[in-house]
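Residues per chain are reported as follows:
There are 2 protein chains.
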Amino acid sequence: MIEITPILDHKGNKPLYIQLSNYIKQEIMEGRIQPNEKLPSKRKLSSYLDVSLNTIQAAYDQLCAEGYVESNPRKGFFVATISEEVFTNPLYSPKHEKQDKLEKKINIDFNSGKVDLRYFPYTVWRKLAIQSLYEDQNELFYNGHPQGDLNLRAAIAKYVFESRGVKCSPEQIVIGAGTQILTGLLCLILGKQHTYAVENPGFHRTKAVLMDQGVKMKAIPLDENGICVNQLAMSDASVVYVTPSHQFPNGMVMPITRRMELLNWANEREGYIIEDDYDGEYRYKGAPIPSLQGLDINGRVIYLGTFSKSLIPSIRISFLILPLTLLNRYQDKFMLYKQTVSRLHQDTLFRFMNEGHWQTHLNKMRTLYRRKHATLMKALSMYMGDNVIVIGEKSGLHILIKVHNGMSEEELINMAMEVGVKVYPTSVYYDDPKVNQEPKILLGFGGLTESEIVAGIQLLKKVWW
Amino acid sequence: MIEITPILDHKGNKPLYIQLSNYIKQEIMEGRIQPNEKLPSKRKLSSYLDVSLNTIQAAYDQLCAEGYVESNPRKGFFVATISEEVFTNPLYSPKHEKQDKLEKKINIDFNSGKVDLRYFPYTVWRKLAIQSLYEDQNELFYNGHPQGDLNLRAAIAKYVFESRGVKCSPEQIVIGAGTQILTGLLCLILGKQHTYAVENPGFHRTKAVLMDQGVKMKAIPLDENGICVNQLAMSDASVVYVTPSHQFPNGMVMPITRRMELLNWANEREGYIIEDDYDGEYRYKGAPIPSLQGLDINGRVIYLGTFSKSLIPSIRISFLILPLTLLNRYQDKFMLYKQTVSRLHQDTLFRFMNEGHWQTHLNKMRTLYRRKHATLMKALSMYMGDNVIVIGEKSGLHILIKVHNGMSEEELINMAMEVGVKVYPTSVYYDDPKVNQEPKILLGFGGLTESEIVAGIQLLKKVWW
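First to last, the sequence lines map onto chains D and B.
Sequential numbering from 613 applies to the first sequence in the numbering used here.
Sequential numbering from 613 applies to the second sequence in the numbering used here.
Read the hints as simulated data drawn from the structure, not as lab findings.
Warning: the hint list may mix true and false statements.
Identical copies carry no separate label here, and so any pair may be met within one copy or between two of them.
In the DSS-like style, the derived pairs of lysine-lysine whose C-alpha atoms are separated by at most 27 Å in a straight line are [as the list claims (entries may be wrong)]:
hint	residue 1	residue 2
1	637	897
2	650	626
3	770	1074
4	654	779
5	984	1006
6	687	739
7	830	950
8	770	650
9	990	897
10	623	1014
11	950	717
12	1073	828
13	1034	637
14	637	1006
15	990	1034
16	626	828
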């Protein structure tokens, strides 16, 4: 039998099964238990450790759930091998999946998808979440309006107006389980006859949706103010997808002049702008610039928002705001599509917003991320100084750095990995990733503590110079 | 000021705001408060009724949320007019929306989308739901595996094997926020070069997805055993969508011989069968017939399941089971699509299944629906006898009746409405709804009590003869 001899704290705060599964995870990650090894049977381990069979079962379930271990019916539990082919797409970076876990041990992960959950108001959310789980609330168990519940839509309309200058009525909002679902729906509403322009570099997940929907796509380069409107105008595109609050990945904030140019283009072309405001809540420098939607007076802008960066990524609540012409088309033809977000979550989020917790939470997170952002900027300046150029630092939860040391993007990432720091490429967001670009490294800071940020930058300095 | 003088029970079980909003709803539904009328200001009503401003606010929010009332910023609250154009699609029947509410007052609704929530284990679900809402569980707040969490997939694999004879590993399962989302994904995986055959009559929501995905569709007629395989074979279709456990809407269970014919067709055509098992949990008559997926040995069947009919419709958890060839294609090309179901709900459902509550709940619901089904059959036989022919009564949560009284489908529905009974058409599920069919009326019974079922049939008898 593999030696599994954890020290379990029977009076500790953590349940025994979590202690046990964490211990086994650690052993796997540190190579003391190898891929394909068989774990002891549940019964054996239960008697060996003198804990209940249920605890062992729960620990094994947990390990299976997280992908460290696989259950082979009638044969037992085996340490997982990582099936590389599952993740062959270079763009697919499964943030919390197996792959990462068997890579070199990562101590500091500059992942841009992470947010800080230490300050999430768990108690309030729990209280609100169970309020919809009583018999007299059971209307919420039935399917609701295809666009989502009106009370939540009203709360969203109020919030985006106050926070982003977006002008809409709740009737214009369509809630959905993620930006990709809503982008797919939008392709149906807009129609597939359009050529869709996208930013180059730009958000890969949206490009995948457009490609899979079979629409014609055109990659438009960026300058320092965002998408080049003159190049857009020369193309045959009549719809453009942009991230003006914080361009993904380059991070520039589109200035007001460029916004007006883009709106003019849309008017003249009688086309549409899809404004993806994925992390516009967080702004550190410069005056607030109204959303394109708020500046638009001709119904040419579709606004896309999400609660992924500001609340809980895995709750999957995003929303579309449609101009009236498109709203009519949607209501005429696509109301047969059922709402994809659970009404229970819609109800919890509504209560959370309605009772003022959302604003409180957002304020707290803004302060927190502002502090982390300042720490990151300071550490970069202190340890790397003129050896790096920082890009896209005015807002959002990630920045880019150009590193002047002659290394390629791949080398920079690999060297970082040597010291347990994970940093991210940007070449994958280009239309043609092979084009020779000066390497730019993406650093997300939302999920790291301030001391992790500083330690990470110190380690990077050590291996990059 | 509109006269709003409810009798509020300050010591009652129902919160005051619910009592108040119910009262106003009633007044609106019964025409005593008219569309476009302005409701009293919150402050006025608060002092008039001597209840807190918060209570009035909550009642008005509730009315807004349910669509009875609209808030006009700075002007006040107005009784809604029903915008007919919102629901112009005859296939779209918004089950809980405005439209219904201003129709004649419905006392008994034979809606097939309703399930019985009186026996839902609220206490258990609440307990499990909050377990994932603690700090030390916050991994669940981040995005998980694109296919859904492995522990839930393992629980589903076990359940479908035991309950429906479906043979799969958890790796073959893709969880998604509803059958439509998964059908859209399936079109991408299968490719759009195929002609997709659908049952005629058949499920309108799936047909809408296929149409919107731009694939070629072919409607294939049914005989008493389900889809006509010889007609399917004569078509150029290479994918077929079927509902073999309980054909929608006609309700027949596909016998084993027809299943084998269909599997042979798929093998010879090297095509695929999409088996939508939307309410296969409930069976009343005849021996259990294995799912097509369980009978298939050549990887030609894609199984589609859902928790909508058996647990909570609005929680939006469905799943696809892919044969290995398609699984590889999905994992190669479509893993960029994020999971659409909240991980918090996935976790709650996993715990619910893992701790045995799911099986208990399902057994209870089976007994309950069996009793309701028997009551419905008995009432039909007692009050209508030979004047109706019942179709599709072997399983599921709805039946069809052919009514021999010379009335058209529309007349039957309108006459029922006269006595406050809502019954549903089937013509809308046909490829060409105008084709002269003997009218068949759809009666769902899941959401009604036994006495409501009997009363409903008595009322129908009164107006139909």
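Status of the hints after comparison with the structure:
1. For the homomeric pair residue 637 and residue 897, neither the shortest alpha-carbon distance inside one copy (42 Å) nor that between copies (49 Å) is at most 27 Å.
2. Proximity of residue 650 to residue 626 under the C-alpha cut-off of 27 Å is restricted to the intra-copy arrangement: shortest distance 26 Å within a copy versus 56 Å between copies.
3. In this assembly of identical chains, residue 770 and residue 1074 lie within 27 Å of each other by CA distance neither inside one copy nor across copies; the values are 48 Å within and 50 Å between.
4. In this assembly of identical chains, the alpha carbons of residue 654 and residue 779 lie at most 27 Å apart only when taken from different copies (25 Å versus 59 Å within one copy).
5. Only within a single protomer do residue 984 and residue 1006 lie at most 27 Å apart by alpha-carbon distance; the minimum there is 13 Å, versus 62 Å between protomers.
6. Proximity of residue 687 and residue 739 under a CA criterion of 27 Å is satisfied in neither setting, with 43 Å inside one chain copy and 33 Å between copies.
7. Taking CA atoms no more than 27 Å apart as the test, residue 830 paired with residue 950 passes between copies only; the shortest distance there is 24 Å, against 31 Å inside one copy.
8. In this assembly of identical chains, residue 770 and residue 650 lie within 27 Å of each other by CA distance solely across copies; the values are 22 Å between and 56 Å within a copy.
9. In this assembly of identical chains, residue 990 and residue 897 lie within 27 Å of each other by CA distance solely inside one copy; the values are 15 Å within and 73 Å between copies.
10. In this homomeric assembly, residue 623 and residue 1014 never come within 27 Å of each other (Cα to Cα): the closest approach is 49 Å inside a single copy and 67 Å across copies.
11. Taking the closest pair of Cα atoms, residue 950 and residue 717 come within 27 Å of each other only across two copies (25 Å); inside a single copy the shortest separation is 43 Å, beyond that limit.
12. For the identical chains of this complex, residue 1073 and residue 828 are neighbours neither inside a copy (43 Å) nor across copies (58 Å), given an alpha-carbon limit of 27 Å.
13. Taking the closest pair of Cα atoms, residue 1034 and residue 637 come within 27 Å of each other only inside a single copy of the chain (20 Å); across copies the shortest separation is 57 Å, beyond that limit.
14. Proximity of residue 637 to residue 1006 under the C-alpha cut-off of 27 Å is found in neither arrangement, the shortest distances being 39 Å within a copy and 49 Å between copies.
15. For the identical chains of this complex, residue 990 and residue 1034 are intra-copy neighbours only, at 20 Å inside a copy versus 68 Å across copies, given an alpha-carbon limit of 27 Å.
16. With identical chains, the CA atoms of residue 626 and residue 828 are never at most 27 Å apart, being 53 Å at best within one copy and 55 Å at best between copies.
Checked against the numbered hints given earlier, the structure breaks hints 1, 3, 6, 10, 12, 14, 16 and satisfies all the rest.
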